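These protein sequence lines are chains A and B, in that order.
Sequential numbering of the first sequence, starting at 1, is according to full-length UniProt numbering.
Sequential numbering of the second sequence, starting at 1, is according to full-length UniProt numbering.
Worth flagging that the hints you see were computed from the coordinates, not collected in a lab.
No experiment lies behind these values; they were computed from the predicted model shown.
Even glycine gets a Cβ: it sits at the ideal position worked out from N, Cα and C.
Wrong hints could be hidden among the right ones.
[What the hints assert, rightly or not] Distance condition first, Cα-Cα at most 30 Å in a straight line; then the derived DSSO-like pairs of lysine-lysine:
#	chain 1	residue 1	chain 2	residue 2
1	B	Lys106	A	Lys282
2	B	Lys279	A	Lys267
3	A	Lys378	A	Lys354
4	B	Lys341	A	Lys270
[To be verified] Simulated restraints, written as ranges between beta carbons of each label pair:
#	chain 1	residue 1	chain 2	residue 2	range
5	A	Lys33	B	Ile93	42 to 48 Å
6	B	Gly307	A	Glu272	55 to 61 Å
7	A	Lys106	B	Ile93	49 to 55 Å
8	A	Asp19	B	Asp107	56 to 62 Å
9	A	Pro349	B	Asn260	22 to 28 Å
10	B	Ile346	A	Lys106	52 to 58 Å
11	B	Gly283	A	Pro349	17 to 23 Å
12	A	Thr368	B	Lys341	38 to 44 Å
13	B	His433	A	Lys33	49 to 55 Å
14	A	Val248	B	Ile346	52 to 58 Å
15	A	Lys33	B	Cys58	38 to 44 Å
16	A	Pro349	B	Lys134	25 to 31 Å
There are 2 protein chains.
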Amino acid sequence: MIKEYISSNKDRFLSELFDWLRIPSVSADSRHKGDVRKAAEYLKEKLSSAGVDTVEICETKGHPIVYAEKIINASLPTILVYGHYDVQPADPINLWDSPPFEPVIKDDKIFARGSCDDKGQVYMHVKAFETMMKLNLLPCNVKFMVEGEEEVGSDNLGTFVKENKAKLKADIILISDTALISLEHPSITTGLRGLSYMEVEVTGPNRDLHSGVYGGAVANPINALCSMIDSLHDENGRITIPGFYDKVAELTAAEREALNKAPFDLKEYKDELGINEIKGEKGYTTLERTGVRPTLDVNGIWGGYTGEGAKTVLPSKAHAKISMRLVPNQVSAEITELFTKHFQSIAPPYVNVKVMAHHGGEPAVTRTDSEAYKAASKAFEEVFGKTPIPTRDGGSIPIVALFKKELGLDTVLMGFGLDSDAIHSPNEHYGVHNFLLGVETIVAFYKQFAKK
Amino acid sequence: MIKEYISSNKDRFLSELFDWLRIPSVSADSRHKGDVRKAAEYLKEKLSSAGVDTVEICETKGHPIVYAEKIINASLPTILVYGHYDVQPADPINLWDSPPFEPVIKDDKIFARGSCDDKGQVYMHVKAFETMMKLNLLPCNVKFMVEGEEEVGSDNLGTFVKENKAKLKADIILISDTALISLEHPSITTGLRGLSYMEVEVTGPNRDLHSGVYGGAVANPINALCSMIDSLHDENGRITIPGFYDKVAELTAAEREALNKAPFDLKEYKDELGINEIKGEKGYTTLERTGVRPTLDVNGIWGGYTGEGAKTVLPSKAHAKISMRLVPNQVSAEITELFTKHFQSIAPPYVNVKVMAHHGGEPAVTRTDSEAYKAASKAFEEVFGKTPIPTRDGGSIPIVALFKKELGLDTVLMGFGLDSDAIHSPNEHYGVHNFLLGVETIVAFYKQFAKK
Numbered sequence: 001m002i003k004e005y006i007s008s009n010k011d012r013f014l015s016e017l018f019d020w021l022r023i024p025s026v027s028a029d030s031r032h033k034g035d036v037r038k039a040a041e042y043l044k045e046k047l048s049s050a051g052v053d054t055v056e057i058c059e060t061k062g063h064p065i066v067y068a069e070k071i072i073n074a075s076l077p078t079i080l081v082y083g084h085y086d087v088q089p090a091d092p093i094n095l096w097d098s099p100p101f102e103p104v105i106k107d108d109k110i111f112a113r114g115s116c117d118d119k120g121q122v123y124m125h126v127k128a129f130e131t132m133m134k135l136n137l138l139p140c141n142v143k144f145m146v147e148g149e150e151e152v153g154s155d156n157l158g159t160f161v162k163e164n165k166a167k168l169k170a171d172i173i174l175i176s177d178t179a180l181i182s183l184e185h186p187s188i189t190t191g192l193r194g195l196s197y198m199e200v201e202v203t204g205p206n207r208d209l210h211s212g213v214y215g216g217a218v219a220n221p222i223n224a225l226c227s228m229i230d231s232l233h234d235e236n237g238r239i240t241i242p243g244f245y246d247k248v249a250e251l252t253a254a255e256r257e258a259l260n261k262a263p264f265d266l267k268e269y270k271d272e273l274g275i276n277e278i279k280g281e282k283g284y285t286t287l288e289r290t291g292v293r294p295t296l297d298v299n300g301i302w303g304g305y306t307g308e309g310a311k312t313v314l315p316s317k318a319h320a321k322i323s324m325r326l327v328p329n330q331v332s333a334e335i336t337e338l339f340t341k342h343f344q345s346i347a348p349p350y351v352n353v354k355v356m357a358h359h360g361g362e363p364a365v366t367r368t369d370s371e372a373y374k375a376a377s378k379a380f381e382e383v384f385g386k387t388p389i390p391t392r393d394g395g396s397i398p399i400v401a402l403f404k405k406e407l408g409l410d411t412v413l414m415g416f417g418l419d420s421d422a423i424h425s426p427n428e429h430y431g432v433h434n435f436l437l438g439v440e441t442i443v444a445f446y447k448q449f450a451k452k
Numbered sequence: 001m002i003k004e005y006i007s008s009n010k011d012r013f014l015s016e017l018f019d020w021l022r023i024p025s026v027s028a029d030s031r032h033k034g035d036v037r038k039a040a041e042y043l044k045e046k047l048s049s050a051g052v053d054t055v056e057i058c059e060t061k062g063h064p065i066v067y068a069e070k071i072i073n074a075s076l077p078t079i080l081v082y083g084h085y086d087v088q089p090a091d092p093i094n095l096w097d098s099p100p101f102e103p104v105i106k107d108d109k110i111f112a113r114g115s116c117d118d119k120g121q122v123y124m125h126v127k128a129f130e131t132m133m134k135l136n137l138l139p140c141n142v143k144f145m146v147e148g149e150e151e152v153g154s155d156n157l158g159t160f161v162k163e164n165k166a167k168l169k170a171d172i173i174l175i176s177d178t179a180l181i182s183l184e185h186p187s188i189t190t191g192l193r194g195l196s197y198m199e200v201e202v203t204g205p206n207r208d209l210h211s212g213v214y215g216g217a218v219a220n221p222i223n224a225l226c227s228m229i230d231s232l233h234d235e236n237g238r239i240t241i242p243g244f245y246d247k248v249a250e251l252t253a254a255e256r257e258a259l260n261k262a263p264f265d266l267k268e269y270k271d272e273l274g275i276n277e278i279k280g281e282k283g284y285t286t287l288e289r290t291g292v293r294p295t296l297d298v299n300g301i302w303g304g305y306t307g308e309g310a311k312t313v314l315p316s317k318a319h320a321k322i323s324m325r326l327v328p329n330q331v332s333a334e335i336t337e338l339f340t341k342h343f344q345s346i347a348p349p350y351v352n353v354k355v356m357a358h359h360g361g362e363p364a365v366t367r368t369d370s371e372a373y374k375a376a377s378k379a380f381e382e383v384f385g386k387t388p389i390p391t392r393d394g395g396s397i398p399i400v401a402l403f404k405k406e407l408g409l410d411t412v413l414m415g416f417g418l419d420s421d422a423i424h425s426p427n428e429h430y431g432v433h434n435f436l437l438g439v440e441t442i443v444a445f446y447k448q449f450a451k452k
């Protein structure tokens, strides 16, 4: 009956999602401020037509939060669904095979920015809710909190949560913003990395100079920035910032063994990425490097002449965006401070260095012994016919730690994407099959969770 | 009489130059191809109205060369004036106080791209020629060869010179594309550095990745590029490319002493650039580092997300433009090859590296014992009242070596700019006083040179 409803409404589900994906809700780009709000309003309308009691657009200092709820019986358990309707910038746009905000289906996959992260996954919840309402199967209460600032650090969500603890009262948080190992190997994410995102500016001379007239006598800020970045890792791939690893929780042998049980084929992994060799912290496997170890990556760098042809300039400034993924029990604010101090301290005397923090988020580990986790596990078994594997995910959903701290609630990370979905990249996509299985699995979760 | 003519025609001289500066003849940017030609046509018109016998626009595979001549008597010596009418790109445009192609005079300085390098200095020769024609003072023959590709490596000038040896027959080359130490310390450049200009591309994964999902396990091409760039210098500021210094001509103690006689105030130098410390090859003075030592600078770097806000991307590619200044007896083609081999050899196994060469030029040293040099020296004494100091200039004018090789001709580098003119930078400018003194000194040079 559920399968039937989903498959017979499949085309409408997708065309509604497509309309949402057409709105370029890029939270990082102030030029899209209006689009972000439009995306919020679209979601509000779809939630209300799906049958929620109340839905509102809650203002924040930044982009708004969409909140909705359906209370069928106060004595029943309540599921709080969290997600985000903002998306990453689409650039480099020239690398997209089809325009990022004109969704198309190719090989049964939806190609568009946000198709997987996270509009596509949020919309599974809207349609799962609609399905349960239409079929009179909603077994418990549900609340939706969908924000528009996840891709820029959820700066205003903390305040919203603190100020609305009563309203957000629930028994469990349900989030679909992660990936499965594969459709053959369903998995549930039980750990997430935190984040500290920095931007640095290195200034040499007070103006761009002619590299012939001054080159060799005046320090070049690009060369200086490169040296400073290079020094942030040692020969074993470890991060050299003093104190960086102090709070890192080392896994037990048993935990490491369990983690490395997840199916992983290094050759497939390398082939899919087109690389000859992997690189990472010495002494850890790839699953450990991406799941339970902290990392530092330059996300962007720029300086001097980057246009066509040649310009013999010795530039005044060089810039980089540098982010660190954190693991339990690192604290984002502390790492941000350690980075700032260290980067200032390694600045050579012939340049000036500015360090600013973009945003951060705390790492989190979710329980595998909770009723909610068991319900999620059963839901996957029902739909996929296999027990899901618990995995550690390298990405960050800072809200998970925030929820635990502010609301005392555990989270279930029921994601249906795939690592190969190219989220944050050109040609982001999401399997139509993943979308439909997701709707079905979410419905199954409600049933299992309400049973408890 | 000469002074009189110059000062009474000053305003017209400048307004003609301004019209020329308004044409954005940026040779590096294909969008300005038409403007480059317009600038050539403008020069052709001004040369013919100044009184040359013939003037033509000579086509090349790239931007055209303007050639003109005035032969008053085949038995008299001939001066071949070389210069370029193309200019550097204006970016970063937002750092200009006034639009780069709308010349204005502030504090008796002309502010515009090309005001000094090299339209302003070329136009001194056009007006000096006009002055001698009008006053019936032209004492010898003159030929003009002004190209439109100097800022992109003079790729087609070599062919033109080889194919027009008879036409270009002369006794001396005269070029104004360099700087004086100051108006109080006139100088003649006797050495120029060569150039090898490279561009590198480092590729990691075959697409931009989510830095959370892959960070720590997949090499980041920006981090890799930074390490490779950092390794190009050792702790003494020496370039680590094997064989790079093999052909470098070391100066004798006497030559070094003479070179360091030039007035130089380190504090003034640092204050003018707004830097706390200088940096360069250990064991050499600033004048040596910029004049007689080879250097390596990153002129531009880019990769990943460089827009507003934060994007947690592990990029597929990182790029850099890297140029090396060469000194006698380094050979540009050889250094380009050494760099390419070395950069490929230091590429770690987890990235792919592409290296391409933009352009190069040979270093050159001009004689100080030639009749032409003596004539130039006398001309400066006449106009400035001081004997000019011979200096080594860090910039490159590849044509000087080419002239020696192909035409067997020496060059006199009679430049009137100042290092503080910000050529290749925002707010490039050229002193009105420098321009007028230049016209006068050039006229004096013709007289002195014809005497011999």
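The hints, checked one at a time:
1. Annotation: proposed proximity of Lys106/B to Lys282/A is violated, straight-line Cα distance about 60 Å (limit 30 Å).
2. Simply put, Lys279/B and Lys267/A have alpha-carbon atoms about 46 Å apart, too far for the 30 Å limit, and the pair is violated.
3. A threshold of 30 Å between alpha carbons decides the hint, and for Lys378/A with Lys354/A the separation of about 51 Å lies outside it, so the pair is violated.
4. A C-alpha spacing of about 27 Å is found between Lys341/B and Lys270/A, which places the hinted pair at or below 30 Å, so the restraint holds.
5. Evaluation of the 42 to 48 Å hint for Lys33/A and Ile93/B yields a failure: the beta carbon distance comes to about 26 Å.
6. Judged by the Cβ atoms, the range 55 to 61 Å given for Gly307/B and Glu272/A is violated: they are separated by roughly 27 Å.
7. Against the hinted window of 49 to 55 Å, the Cβ-Cβ separation of Lys106/A and Ile93/B comes to about 40 Å, which falls outside the hint.
8. In this structure, Asp19/A and Asp107/B meet the distance hint of 56 to 62 Å, their C-beta atoms being roughly 60 Å apart.
9. In this structure, Pro349/A and Asn260/B meet the distance hint of 22 to 28 Å, their C-beta atoms being roughly 24 Å apart.
10. Checked against the hint of 52 to 58 Å, the pair Ile346/B and Lys106/A fails, with Cβ atoms roughly 40 Å apart.
11. Restraint check, Gly283/B to Pro349/A: a C-beta distance of roughly 19 Å satisfies the suggested window 17 to 23 Å.
12. Restraint check, Thr368/A to Lys341/B: a C-beta distance of roughly 54 Å breaks the suggested window 38 to 44 Å.
13. At about 51 Å, the CB distance of His433/B to Lys33/A agrees with the hint of 49 to 55 Å.
14. The supplied range of 52 to 58 Å is broken by Val248/A and Ile346/B, whose beta-carbon atoms lie about 31 Å from each other.
15. Separation of Lys33/A from Cys58/B is about 55 Å and departs from the stated range, judged on CB atoms against 38 to 44 Å.
16. The hint said 25 to 31 Å for the Cβ distance between Pro349/A and Lys134/B, and at roughly 56 Å that hint is violated.
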